[in-house]
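One line per chain: the protein sequences are C and B, in this order. Mapping of the first sequence onto the working numbering: residues 1283 to 1788, in sequence order. Mapping of the second sequence onto the working numbering: residues 35 to 146, in sequence order.
Source of the hints: derived by calculation from the structure; they are not laboratory data. Given the structure is predicted, the values throughout are model-derived calculations rather than measurements. Glycine included, C-beta positions come from ideal geometry on N, C-alpha and C. Among the hints, a few may not be true.
Just so you have them, the derived chain B footprint on chain C, three or more residues with Cβ under 8 Å [said to hold, decoys possible]:
1. 1339-1353
2. 1442-1454
3. 1494-1500
4. 1753-1762
Computed list of chain C residues with no C-beta within reach of chain B, every gap over 10 Å [said to hold, decoys possible]:
5. 1290
6. 1429
7. 1486
8. 1598
9. 1617
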Amino acid sequence: MKQGFRQSMAWLHTWAGLVTGWVMFAVFVTGTATYYRTDISLWMRPELRAAAVEPGIAAERGAAYLKVHAPKAVSWFVSVPQEDRPLIGVYWLDSFEAPIQQATLDAETGAPTTARATQGGDFLYRVHYELQMMPEVGRWIVGASAMVLLVALVSGIVTHRRIFADFFTFRRDRSAQRGWLDAHNFTGVLALPFHLMITYTGIVTLAFTLMPWGVASAYKGDAMRFFVETGQTPAWRAAAGRPAEALPLAPLMARAQAEVSEPLEMVIVNNPGDAASTVAAVFEEPKGLAHRHPQVVFEAVSGAVIARLGTLKPVAHVFTSFLGLHEAHFAGPALRVLFFLCGVMGSATIATGLVLWAVARAPKPGTAPDFGLRFVRGLNLGTILGLPIGIAAFFLANRLLPVALEARATWEGGVFFGAWGLAAVVGLLRPHDRTWREMGTAAALLFLAIPLVSALTTDRGFDFIGFDAAMIAIGLALAWGARKVSRYRGPARTRPATAPESLARA
Amino acid sequence: MTPSSVALNLALSFAGLAALCLAMDRHHRAIFHGAPSRARARALRWTGWCGIAASFAAAVITADWNFGPVQWIGSLTGAALILVGLVSYRPRWIRPAALAALPLAAAAAFLT
């Protein structure tokens, strides 16, 4: 490490990129898919069609269910039907320590829904920010990896000697390593503002998990007060201990709606049935970079307004703007495509970087690769092709698992991890060039099967034409890659080349 | 943030980046005979930066200061992606594509 600054930065870039690459590839791919979370959720609930139910009425239907099934809860949450989720979601806490419980109701009747149980696009979203693990553990892994990725990004910029000279360059006709390096460089440099923004704002969204000490020491364990004082949540009102009849929800919601231009998203009832019960109407975030939800809070019994949330303190405004920029809820269809493309380029930067590590360390002809190289090659296969296989299997499971299956939503996730795990095992056992071709073809076939299976198992016709087209495009891209690998088998036989090398030559 | 405003942005960014690309010796050689003369390279560079500045102005005018910069950066990335594809696979298409981008930008501006 006594070389120049640039060499030490190159060392840092190489190893920081390698250790976080596999996790961050999964985070980038699932995060990119999450730009279309709404569309994925709609596709995964084919029984449901948009329901035109007044939000206030839907809130009353949810509350009616909770009155019967959770009369002693400390908090009720009723999410009213949304475009992507034409259902009433009810959630309740029996105590502050108890896990949150939930049920899903039909928007028209208020009875438990008969639609297939699925996590929809929320599943990939949860993989994105906590890897579907226990929240604390998963968020720490993602957050720590993202911080190392930020280090890799900055050291990568320092390492790259010819950012401007090679700005538009992709030499696919030179050596394999050159091709992979150019691919890594141009996907990295062209979307660099996005990569920096998304990694940084991603870390910021996890700030309270990664750095809880500021809030913990300033508020002495009363983290709730922090969110109240920064204007993010209304103050909690203690129960009075005597029952009282609350006002119907629909008129309260109508009064709240008269003050706010955004549509209603959720109703929160604290201490339901109590004389001191409060009702909060939570609205969708207004158009703007910042991600913040206006709220109007009522006294449940008298109907008096006790709080209005909307304007934030400056620092909280900056924080929610970072959140908003990360989530890009503001982006219309055209801009969303650009965000999606940037996400794809981010995933490609990581994937090409991982492959480049292995290609640059390819052993001389005749010598066997050592354990480390075989391990990296195996993990590369298992991640770069295994994750798409898992996602395709997840979508197929949504259509093929019986609707009445017990714990169906969990099974869908099980299929995702099962397929991914299987692909990873195959990759680790056979880290060869042939496996790239075979697994690439398998992934392509799985994606191409999705529209077909969907058409055979549902009666929605061309309702999901955009989703189907995207699946076909992904399938064709994977098939194209696999074909490139197999086509270059011929010349590759004369000298021992790894699959990635033949990919680069293609 | 309408599709036509993004299209206007993309077209201007593409034209600007294409001019900057052609101002470079290596890429100029791939399309024309030899490196550009000094005056020609300078003219192309000026055109390129003007295109990128025009794209920024269009973004801020059509999508406001709130979203304009985000849209501008997004459009630069999208346009550069198309351009790199053309540079590596169909270099001869760059000039006609860049010239076609200008009336496209005008049409998109008219629609916005």
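Against the structure, the hints:
Restraint check on the region 1339-1353 of chain C versus chain B: 0 residues with Cβ-Cβ distances below 8 Å, three needed, restraint violated. Under the rule that three or more residues need a Cβ within less than 8 Å of chain B, the assignment of the region 1442-1454 of chain C holds, with 7 such residues. Proximity of the region 1494-1500 of chain C to chain B, defined as three or more residues with a beta carbon under 8 Å from a beta carbon of that chain, is not established by the 0 residues found. Proximity of the region 1753-1762 of chain C to chain B, defined as three or more residues with a beta carbon under 8 Å from a beta carbon of that chain, is not established by the 0 residues found.
Residue placement check: residue 1290(C) keeps its beta carbon more than 10 Å from all beta carbons of chain B (closest about 30 Å). Taking the minimum C-beta to C-beta distance to chain B, about 23 Å, the non-interface status of residue 1429(C) holds against the 10 Å cut. With a least beta-carbon separation of about 16 Å from chain B, residue 1486(C) lies farther than 10 Å from that chain, consistent with its non-interface assignment. No Cβ of chain B comes within 10 Å of the Cβ of residue 1598(C); the nearest lies about 18 Å off, and the non-interface call holds.
Annotated as non-interface, residue 1617(C) brings its C-beta within 10 Å of a C-beta of chain B; the closest such distance is 6 Å.
The earlier numbered hints that this structure contradicts are 1, 3, 4, 9.
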